[in-house]
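Engineer: Sequence:
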Amino acid sequence: MIRVDTGYKERTGKDYIQCWVNDSLVFNGLYVNKTDDQILDYHEDWLGMEITRFDKSGYDSLKIKIRVTSLDTVLYRGKRVIDSTFRYRIDNIPSIVIACRANSGITLWDTLRTPDYFWLEY
1 MIRVDTGYKE RTGKDYIQCW VNDSLVFNGL YVNKTDDQIL DYHEDWLGME
51 ITRFDKSGYD SLKIKIRVTS LDTVLYRGKR VIDSTFRYRI DNIPSIVIAC
101 RANSGITLWD TLRTPDYFWL EY
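Quick note: the sequence shown uses full-length UniProt numbering, first residue 1, plus one each step.
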């Protein structure tokens with residue numbers, strides 16, 4: 001599973017997300033997150049909006065391209081559009097979170113390579 005996070009409910013409808021996996025467009029639409037960052041009321045979106053699920057059988061890595069376009073005045077590191085293409089190992093990880101924040105650009109979060117990863121249990 002791939003999730004994209006540009007913020008909580010306050011960013012809903014304000015960012016346009018495009019994601020390609022192995023050169024196939026898998027998501028093309030508005031960012032939607034139902035979680036209120038003050039009360040964390042919608043658990044499914046804590047880590048971002050789910051944009052795709054895929055069968056990992058036969059793959060040890062994927063080529064992922066992400067593009068985020070701000071539709072309002074928030075800029076990502078001074079740019080309205082940010083994108084990145086990378087190849088990423090997917091063995092033994094249930095999901096990847098791609099965070100796109102105004103002050104940090106694009107960052108990744110996974111269970112193997114990020115030691116402070118935590119599981120949410122509810």
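Note that these hints are calculated values from the structure, not bench results.
Even glycine gets a Cβ: it sits at the ideal position worked out from N, Cα and C.
Do not take every clue at face value.
Pairwise CB distance ranges, derived in the manner of DEER restraints [claimed, not checked]:
#, residue 1, residue 2, range
1, Asn28, Leu108, 32 to 42 Å
2, Leu75, Asp55, 35 to 45 Å
3, Arg77, Ser57, 29 to 39 Å
4, Ser84, Gly29, 17 to 27 Å
Distance condition first, Cα-Cα at most 30 Å in a straight line; then the derived DSS-like pairs of lysine-lysine [stated by the list, open to error]:
#, residue 1, residue 2
5, Lys79, Lys63
6, Lys14, Lys63
7, Lys65, Lys34
8, Lys79, Lys14
9, Lys9, Lys63
10, Lys34, Lys79
11, Lys56, Lys79
12, Lys34, Lys14
13, Lys65, Lys9
14, Lys65, Lys79
15, Lys9, Lys79
16, Lys34, Lys63
17, Lys14, Lys65
18, Lys56, Lys34
Engineer: Run every hint past the structure and note whether it holds.
Structural biologist: Verification of the hints:
For Asn28 and Leu108, the hinted distance range of 32 to 42 Å is not satisfied, since their beta carbons lie about 21 Å from each other. Here the CB-CB span from Leu75 to Asp55 is close to 36 Å, well matched to the stated 35 to 45 Å. At roughly 36 Å, the beta carbons of Arg77 and Ser57 sit within the given window of 29 to 39 Å. Our hint of 17 to 27 Å for Ser84 and Gly29 holds, since their Cβ atoms are close to 19 Å apart.
Only pairs whose Cα atoms come within 30 Å are accepted, and Lys79 paired with Lys63 is accepted, the gap being roughly 24 Å. For the suggested pair Lys14 and Lys63, the alpha carbons sit about 26 Å apart, so the restraint of at most 30 Å is met. This hinted pair checks out: Lys65 and Lys34 have alpha carbons roughly 24 Å apart, not beyond 30 Å. Our distance criterion of 30 Å between C-alpha atoms is met by Lys79 and Lys14, whose separation comes to about 15 Å.
The hinted pair formed by Lys9 and Lys63 meets the criterion: a straight-line CA distance of about 29 Å does not exceed 30 Å. Between Lys34 and Lys79, the direct Cα distance comes to roughly 25 Å. Compliance with the 30 Å bound is thereby established for this hinted pair. This hinted pair does not check out: Lys56 and Lys79 have alpha carbons roughly 33 Å apart, beyond 30 Å. Between Lys34 and Lys14 the CA atoms are separated by roughly 13 Å; this keeps the pair inside 30 Å, and the hint holds.
Pair hint Lys65 plus Lys9 holds up; C-alpha atoms about 24 Å apart against a cutoff of 30 Å. Under the criterion of a C-alpha separation no larger than 30 Å, the hint pairing Lys65 with Lys79 is consistent with the structure, at around 17 Å. Simply put, Lys9 and Lys79 have alpha-carbon atoms about 22 Å apart, close enough for the 30 Å limit, and the pair holds. As the CA atoms of Lys34 and Lys63 are separated by approximately 28 Å, the hinted pair is consistent with the 30 Å bound.
Pair hint Lys14 plus Lys65 holds up; C-alpha atoms about 20 Å apart against a cutoff of 30 Å. A hinted pair counts as satisfied when its Cα atoms are at most 30 Å apart, and Lys56 with Lys34 qualifies at roughly 28 Å.
In this structure, the hints that do not hold are numbers 1 and 11, in rising order.
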